[in-house]
Structures are given as structure tokens and as C-alpha cells.
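Colleague: Chains U and P supply the protein sequences, listed in that same order. Number 35 in numbering that gives the first Met the number 0 belongs to position 36 of the first sequence; there are no gaps in the numbering. Number 543 in numbering that gives the first Met the number 0 belongs to position 544 of the second sequence; there are no gaps in the numbering.
It should be emphasised that the hints constitute simulated quantities derived from the structure, not laboratory data. Any given hint could be a false lead.
[Stated by the list, open to error] Example chain U residues on the side facing chain P (calculated, C-beta under 8 Å, incomplete): (1) I3; (2) F18; (3) D32; (4) F42.
Quick reminder that beta carbons are idealized off the backbone N, C-alpha and C, glycines included.
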Amino acid sequence: MSVIYILISVSLVIAVVFFTFFIIAVRSGQFDDAYTPSIRMLFDSHKSTKKNKPKSTTKE
Amino acid sequence: MTGESCFHCGNPCDSNPIRYNDKFFCCQGCKVVYDILQDNDLTTYYELSSSPGKRPDTAQTNFNYLDNKEIFEKLLDFQDESTSIITLYIPHIHCSSCIWVLENLHQLAPAVSATQVNFPKKELQVTFRHNELSLRALVELLARIGYEPYISLDDEQKKPVSINRTLWLKMGVAGFAFGNIMMLSFPEYFESDEYWLNQYTPLFRMLIFLTSLPVVFYAANDYIISAYKGLRKSILNIDVPIVLGIFVLFFKSTYEVFIKNEPGYFDSLAGFVFFLLLGRIFQQRTYQFLSFERDYKSYFPLAVTRILDNEQEESVLIKELKKNDRILIRHQELIPVDAVLSKGVGLIDYSFVTGESIPVSKMIGDKVYAGGKQVGGAVELVVVKTVSQSYLSQLWNNDVFKKDKVSDIKNLTDAISKRFTMIVLAIAFLAGIFWYFKDSTMVATVVTSVLIVACPCALALSAPFALGNMLRIYGRRKMYLKSAEVVENLAHIDTVIFDKTGTLTTQETEIYYEGKPMTPAELNGVKGLLHSSNHPLSRMLYTYLDTSKVDSIDEFEEVLGSGLQGRWKGVNIRLGSASFVGVEPTGSLKTQLYVAINNQVKGCYTFQSEYRKNLKDTFNALAKNYRIGVLSGDNEGSLGYLKTILPKETAFVFNQKPEDKLNYIKELQEKGLKVLMIGDGLNDAGALAQSDVGFAMAENVNVFSPASDGIIDAESFQKIPAMLNQAKRTLRIVKISFVLSLAYNLIGMGFALTGNLSPIVSAILMPLSSISIVIFVTLATYWIARKP
Numbered sequence: 000m001s002v003i004y005i006l007i008s009v010s011l012v013i014a015v016v017f018f019t020f021f022i023i024a025v026r027s028g029q030f031d032d033a034y035t036p037s038i039r040m041l042f043d044s045h046k047s048t049k050k051n052k053p054k055s056t057t058k059e
Numbered sequence: 000m001t002g003e004s005c006f007h008c009g010n011p012c013d014s015n016p017i018r019y020n021d022k023f024f025c026c027q028g029c030k031v032v033y034d035i036l037q038d039n040d041l042t043t044y045y046e047l048s049s050s051p052g053k054r055p056d057t058a059q060t061n062f063n064y065l066d067n068k069e070i071f072e073k074l075l076d077f078q079d080e081s082t083s084i085i086t087l088y089i090p091h092i093h094c095s096s097c098i099w100v101l102e103n104l105h106q107l108a109p110a111v112s113a114t115q116v117n118f119p120k121k122e123l124q125v126t127f128r129h130n131e132l133s134l135r136a137l138v139e140l141l142a143r144i145g146y147e148p149y150i151s152l153d154d155e156q157k158k159p160v161s162i163n164r165t166l167w168l169k170m171g172v173a174g175f176a177f178g179n180i181m182m183l184s185f186p187e188y189f190e191s192d193e194y195w196l197n198q199y200t201p202l203f204r205m206l207i208f209l210t211s212l213p214v215v216f217y218a219a220n221d222y223i224i225s226a227y228k229g230l231r232k233s234i235l236n237i238d239v240p241i242v243l244g245i246f247v248l249f250f251k252s253t254y255e256v257f258i259k260n261e262p263g264y265f266d267s268l269a270g271f272v273f274f275l276l277l278g279r280i281f282q283q284r285t286y287q288f289l290s291f292e293r294d295y296k297s298y299f300p301l302a303v304t305r306i307l308d309n310e311q312e313e314s315v316l317i318k319e320l321k322k323n324d325r326i327l328i329r330h331q332e333l334i335p336v337d338a339v340l341s342k343g344v345g346l347i348d349y350s351f352v353t354g355e356s357i358p359v360s361k362m363i364g365d366k367v368y369a370g371g372k373q374v375g376g377a378v379e380l381v382v383v384k385t386v387s388q389s390y391l392s393q394l395w396n397n398d399v400f401k402k403d404k405v406s407d408i409k410n411l412t413d414a415i416s417k418r419f420t421m422i423v424l425a426i427a428f429l430a431g432i433f434w435y436f437k438d439s440t441m442v443a444t445v446v447t448s449v450l451i452v453a454c455p456c457a458l459a460l461s462a463p464f465a466l467g468n469m470l471r472i473y474g475r476r477k478m479y480l481k482s483a484e485v486v487e488n489l490a491h492i493d494t495v496i497f498d499k500t501g502t503l504t505t506q507e508t509e510i511y512y513e514g515k516p517m518t519p520a521e522l523n524g525v526k527g528l529l530h531s532s533n534h535p536l537s538r539m540l541y542t543y544l545d546t547s548k549v550d551s552i553d554e555f556e557e558v559l560g561s562g563l564q565g566r567w568k569g570v571n572i573r574l575g576s577a578s579f580v581g582v583e584p585t586g587s588l589k590t591q592l593y594v595a596i597n598n599q600v601k602g603c604y605t606f607q608s609e610y611r612k613n614l615k616d617t618f619n620a621l622a623k624n625y626r627i628g629v630l631s632g633d634n635e636g637s638l639g640y641l642k643t644i645l646p647k648e649t650a651f652v653f654n655q656k657p658e659d660k661l662n663y664i665k666e667l668q669e670k671g672l673k674v675l676m677i678g679d680g681l682n683d684a685g686a687l688a689q690s691d692v693g694f695a696m697a698e699n700v701n702v703f704s705p706a707s708d709g710i711i712d713a714e715s716f717q718k719i720p721a722m723l724n725q726a727k728r729t730l731r732i733v734k735i736s737f738v739l740s741l742a743y744n745l746i747g748m749g750f751a752l753t754g755n756l757s758p759i760v761s762a763i764l765m766p767l768s769s770i771s772i773v774i775f776v777t778l779a780t781y782w783i784a785r786k787p
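Please work from the sequences and hints to get the whole structure.
Modeller: Set out below in C-alpha cells:
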């Protein structure tokens with residue numbers, strides 16, 4: 000019978016955890032610029048690793 | 000012509016493009032940028048979008064002043080012993096390639112440890128080690144690859160970065176509460192008789208009550224504060240009935256839950272606040288990359304080169320300039336103060352100020368006003384007035400700039416809410432009296448129910464969504480308004496005033512020839528003479544003349560400030576001002592170049608700004624419904640022509656100083672007219688601020704335009720009449736949706752007056768009315784936007 004208390008408290012804790020994440024996200028500025036990150040995630044990152052190659056041979 | 004376009008910048012290449020690595024480049028500059036990027040393994044730049052680059056300016060901006068430690072520290076966001084962080088505004092940021100290359104800047108400069116682009120604001124934040132890389136070197140590197148930051152006098156005082164995020168938090172709180180309260184109310188909705196659910200009802204209700212507390216006292220506090228402020232000024236704004244509704248909902252529900260053991264209306268309450276905040280967020284979204292608050296400071300450079308007595312040069316902050324200081328202005332630099340020309344030949348482009356793109360010549364001893372840009376070689380000036388006392392900046396001392404724009408156009412929502420509140424209170428009072436005699440136990444129930452259903456949720460939402468959606472539609476048509484209220488103000492406009500130069504004219508220059516016709520051979524000679532000159536007028540005329548070949552000229556001589564001369568096929572050839580070729584000056588204020596061959600005057604070339612293509616149609620469309628006028632700082636030289644093409648009702652006012660323009664608008668307003676001013680230059684800033692709605696016209700919205708209520712891309716010039724009509728229709732939609740939401744209130748009132756407003760009815764009626772109103776205004780605004 001008292002299992003309902005556990006269930007309610009679990010559901011509330013989950014809700015509050017997500018709510019906290021939301022607050023952290025807003026505070027850290029994730030809602031300030033909603034556009035740039037959507038483009039940034041599409042960039043390949045492999046190129047930035049090879050820096051010590053002075054003159055790359057012509058491509059194509 | 001090869002028809003090739005530049006691999007770097009996308010501009011068409013001229014007759015002999017540079018071929019390099021199987022790619023075409025329009026100029027050395029573009030090729031150099033490509034080279035830099037290729038050497039550093041950054042060619043992905045060209046893969047992300049095609050021709051993303053910008054042709055680098057041939058005239059390098061001088062960034063020497065960034066070495067000045069005082070200036071450097073003023074620009075920084077943050078600094079410790081080894082690292083500095085700076086945010087730079089870069090107008091060229093426009094595509095994903097830009098983001099990519101700027102965020103890989105560390106490959107070009109190892110001293111850069113991190114870069115981050117904010118695309119909507121066109122800003123780049125750079126973290127770098129200032130011991131290894133100076134700010135000047137960083138900025139010059141950016142300029143070299145085509146991303147020159149814009150640094151102006153405005154950057155001198157870094158505004159504290161305060162981004163208001165509370166609205167998001169409040170919406171989050173209200174949304175969280177709304178969802179959870181609805182979930183916890185499920186047993187109530189279904190009126191289940193199950194024993195175990197009923198047993199926990201008090202617990203659920205307690206949780207609901209606790210969840211609703213932050214909604215009332217945090218999420219809704221803006222409304223409470225606004226209603227309180229309104230009441231203190233004895234204004235019944237829309238927030239008064241809203242807050243009344245919120246409080247009644249909250250206290251009645253609390254009473255029901257704790258005393259009467261009934262479910263209460265907390266779900267309606269949370270949903271109500273959530274929708275209101277949603278409307279506010281929708282209305283608040285604007286164009287971050289545009290600034291609507293600029294004054295002359297955004298145009299003026301931060302520092303200028305001062306010449307010391309021992310002929311040494313130093314960079315000095317503009318506000319430290321004193322009278323009689325000598326300053327050096329190079330090619331393409333802006334003159335920040337009123338001064339007198341003391342060395343060199345001034346050729347000054349006042350397009351920032353007046354919109355006139357043809358440069359004006361100045362001789363030694365002439366007075367030069369602040370705001371012009373030198374386009375010839377370097378000149379030396381002697382300061383006459385400090386920056387704050389200059390002719391142009393004086394304009395900003397006018398009271399108009401001190402206060403926030405108070406338009407006397409009344410907000411429609413507030414106007415309605417006043418009557419609305421009165422009526423609601425009257426109904427609640429009468430209903431209370433009626434029920435007191437009929438069944439006195441019902442009085443409290445009925446009165447509170449009336450106040451609850453009268454809560455103008457739909458009413459409060461219709462204007463934000465209709466105006467906000469219109470704002471977005473305008474934005475897609477390259478008409479960027481500052482806020483949704485501007486749409487409402489626009490609907491009341493009855494007078495439209497235009498600036499002439501730069502607003503009715505384009506940046507393009509038109510050249511026409513008057514006089515004796517010249518033979519093709521003579522034209523070859525003229526072109527030959529022009530070939531050797533770097534004067535902007537010579538360059539313009541050189542491109543304009545279409546000749547078979549360019550003759551060579553002997554004994555070429557450029558007389559500064561007067562003209563060109565040389566020997567062509569044995570005869571003397573001259574090109575220049577009237578007195579230079581030996582003609583009596585006509586006193587014409589147009590920009591003219593006379594031609595004389597063998598001491599015989601042939602004729603003259605006149606330079607004038609070209610008028611916009613749709614000028615006539617646009618004015619005719621406006622003349623039907625509005626008073627129109629042209630307000631110009633120019634002389635009356637073009638009046639005759641304008642009169643022939645513009646409708647006869649148009650009022651023309653010329654020779655207006657910036658202050659006069661402001662006063663002219665003021666006079667119109669005193670006659671009770673609602674004025675829309677459309678201008679472009681800094682000299683219109685006063686008139687723009689004074690008008691009920693002021694729009695700045697811009698050839699390129701990323702280039703600076705004066706403070707205004709909206710920025711209109713020049714290519715949307717002919718859409719202005721449609722825009723005004725649509726604003727009117729938008730307001731009509733808002734009114735219709737008011738009627739609709741009042742109908743919802745009446746239905747609710749029916750339940751309330753009979754004492755039948757159960758929580759479930761309220762929980763259904765409230766969101767239903769809000770959502771249907773939002774859908775209605777959104778669809779309706781899209782529909783009217785399709786009509787001209």
C-alpha cells in the first residue's frame with residue numbers, strides 16, 4: 000500500500016531533476032544563441048589534428 | 000569576359016582572372032586569402048558553402064591604435080597575467096563557413112586558445128595569450144582573411160553583459176507546474192470512485208498546492224508588479240484583470256482544498272500563466288544582429304592619429320582630442336571632429352551623414368565637418384571643436400534622445416482592458432447582489448467564478464501573437480522592426496516623410512554628358528587622361544566611358560583639387576572644374592567635370608545619384624492613403640525633376656539642417672498627424688527619434704544605420720505601401736480576436752452566473768480559448784500577408 004508513496008516520491012524526484020537540468024541549461028546560456036551550435040555540431044573535427052604539415056599538397 | 004566567378008568571394012571575374020590551382024580568382028587579395036587558408040589546412044572553408052569569402056579591402060584599415068595599452072584594456076572582456084578574452088563584432092559573418100574558419104582560428108595563430116562564434120549576433124569571442132600575440136596582430140590577421148572586426152567609439156564603454164534569462168526560467172517553472180498539476184489532477188478529472196485513489200486525494204492536493212506556489216509568486220510576478228504600478232498611477236492596464244484572475248483562482252482554490260475539501264482550480268491557474276509567458280516569449284524574439292539604438296558613436300572610430308609638435312605620430316582616444324590638435328586622416332578614415340584642413344587635398348564622402356555618395360572636394364583652409372570619410376590620400380587637419388561639441392554630435396544633445404520614445408498612440412490592448420475591467424467588476428457586483436437575495440450561500444461562489452472566467456487570457460494573447468507573427472513575416476521580406484509594438488504604431492500612421500539622398504536615391508552614381516558631341520577619337524583621349532588619375536570621380540568616369548581604346552598621354556599632370564591635364568596627339572587636353580578649363584562657374588551645385596580639348600571647351604559630365612527604380616509607383620501607391628513629403632538637407636537642385644515624377648500632393652522641404660528636420664516632424668505632430676519618417680543618414684537621426692515610427696533605409700543591413708524603430712533593406716523599398724496596409728489589417732485581426740475572446744468570456748460567464756463553474760469546465764475552457772485564439776491570429780496574419 001505504501002508503495003504509492005515511493006512511486007510518487009520517485010516521480011517527483013525525476014521531475015525535479017529534469018527541472019533542475021533545465022534551470023542549469025538556461026543559466027549557462029544555452030538559450031542565448033540557439034543557432035550556432037546547430038551548425039557547429041555538423042563540422043568534421045579530424046582536420047584540426049594535423050597541424051605540422053607545412054604545405055598540404057594540392058587537392059583534387 | 001570569361002564568365003567565371005571568383006572561387007573565394009563569388010564575384011564575377013573581370014577579363015583576366017587569376018588562375019591558380021585550377022581555380023579562378025577575381026583579384027590578388029582573394030587569392031592570398033585562399034593561399035593562407037590552404038597552407039594551414041583550412042580548405043574545408045570552401046567545402047561547407049560555395050564562395051563564402053569577402054574580397055579583402057585594398058585599403059588596409061589602420062589598427063595601430065590597438066597597441067595603445069589604455070585602448071586595449073578598454074576593449075577586453077577579461078584579462079589575467081597570460082590570457083585575454085575579447086568579443087569582436089564582425090559584420091561579414093554570414094554562413095557556416097564563417098563559423099568554421101573562425102572557430103579554427105587557432106590553426107592560423109597558435110597563441111589563440113579558443114574562439115567561439117555567436118552567429119545571430121555576428122560576434123566572435125577570442126581567448127588568446129596576449130604575451131605571444133598582440134591584439135593588433137590578432138585583428139590584422141582577421142582582417143587579412145576577410146573578417147575585419149568593426150571597432151567603434153561605442154566599444155569604449157563595454158556595457159555590462161546582462162542577458163535577461165528570467166523569462167525562460169519563468170516559462171520553465173510555469174510549464175513544469177502546469178504539466179505536473181494536470182497529471183496529479185487526473186483522479187479528479189475522471190471522478191474515479193476507486194477506494195485507493197480517494198484515499199490519496201489529500202496528498203495529491205497538497206502536492207498540487209505546493210507546485211502552484213512558485214507559479215503565482217515567481218512566474219507571474221511581472222504581471223503582479225505591472226498591475227501594481229498601473230494601479231498606483233490609476234491606470235487599469237491589461238495586467239489588472241489578469242492579476243485579479245490569478246489571485247482569485249489561487250485563493251479560492253486554496254480555500255476549497257483546505258477548508259471545503261474540494262479540488263480547486265490550480266490546473267487552470269498554472270496553464271493560464273504558462274500561456275501568458277509563452278506569448279511574451281513569442282513577442283520578445285527580435286533580430287539580434289541588428290542594433291536599433293545606434294548613435295554617432297557607432298560610426299566614429301575609437302582612436303585617431305595625432306601629430307605631435309616634433310612630427311611624431313601617436314594614437315589617441317578621440318575624446319582626448321583638444322582644440323588645435325593636429326590629426327592625420329588616411330584614406331578611408333573617418334573624420335571624428337569638426338576641423339580645418341591644413342595639408343593635403345580633402346575629398347570627403349559624407350554618405351554616413353547625408354546619404355550622398357559623391358565625395359566633396361575640400362581645399363586647405365576649408366572647414367570639414369565630423370562624420371565624413373576621406374577618400375583621397377592622407378590629409379592633416381587642425382581640430383576646431385571637440386567630439387562632443389561638433390556640429391553633428393550636437394544633435395544628440397536634443398531632448399528627444401534623452402527620453403524613451405513616447406508615442407502618443409495608445410496601446411489597443413490597454414485601451415480595451417480599461418473598459419473590460421470596469422464591466423467585469425460591475426457584473427461581479429451585480430451578480431453578488433442578485434444571489435444575495437436569492438441564495439446567500441452562493442454569493443462568494445458566483446462572485447469568484449465571475450472574476451475567474453473574466454480573466455482575459457485570450458485577450459492578452461491575441462495582440463502578442465498577431466503582432467509578433469507579423470513582425471516575423473516582415474523580417475522575411477527584409478523589413479526588420481524593433482519590436483511588435485511598432486507594428487501596432489504603424490497601423491495608425493497617416494503621414495509618410497522621406498529623406499531624399501540615400502533614401503530615394505541609391506548608392507549608384509549616374510553620369511550624363513552635356514555639350515558638343517565628342518568624336519570616338521577624342522573620347523579615347525579623355526579616357527587616356529583619366530587612366531592615370533586615382534581620383535574617385537576619375538575612376539567613376541573611366542568605368543563609365545566605353546571606348547575602343549585608351550590613348551597614352553604625355554606630360555600628364557594632376558592639379559590637386561582642380562583637375563587633370565596632359566598632351567594628347569600634340570594638343571592640350573584638360574578635365575576638371577569650371578575655372579580649371581576656363582569657364583565662368585555657373586554656380587550650379589551639382590558635381591560636374593568639364594572637358595576642354597585644345598583650349599576649346601567641349602562640355603561637361605554631371606554626376607548625380609540615381610533614383611530608386613520603383614520610386615514613382617511607390618509614391619503613387621502611398622499618395623492614395625497618406626500625406627507624403629520629402630525632407631532633404633540638400634539644395635533645391637533636384638526639385639524640378641522630383642516634381643515631374645512624384646505625385647502632385649507631395650510636400651517638398653529642402654535645405655534642412657538635422658535640427659530642422661526634427662522640428663519639421665514635431666510641427667506635423669502638433670497638428671495631430673502620426674508621422675512615419677524614413678531616412679538613412681545620421682542627419683536624419685533626430686527626425687527618426689521624433690517621429691511616431693522611424694525607419695532607417697539601408698543598402699546593406701549589416702552596415703550601420705542610425706537609431707530607429709526598424710531597418711528596411713533598400714531592395715524592399717517598393718514594399719512599404721503594402722507593409723503599411725498589412726499593419727492596418729493586422730490591427731483589424733487583433734480586434735476580431737478580441738471579439739472572439741470576449742465571446743469565450745461570455746460563455747464562461749454563463750456558467751459562472753448560474754453558479755455552475757466547476758474546476759473541470761474552467762480547466763477545459765481556459766486552454767481551449769487561448770489555443771484557438773492563437774491559431775486564429777496566426778492563420779489570419781499569414782493570410783493577410785499574402786495580399787498586397
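Colleague: Return the numbers of the hints above that this structure violates; sort them in rising order.
Modeller: Violated hints: none; all satisfied.
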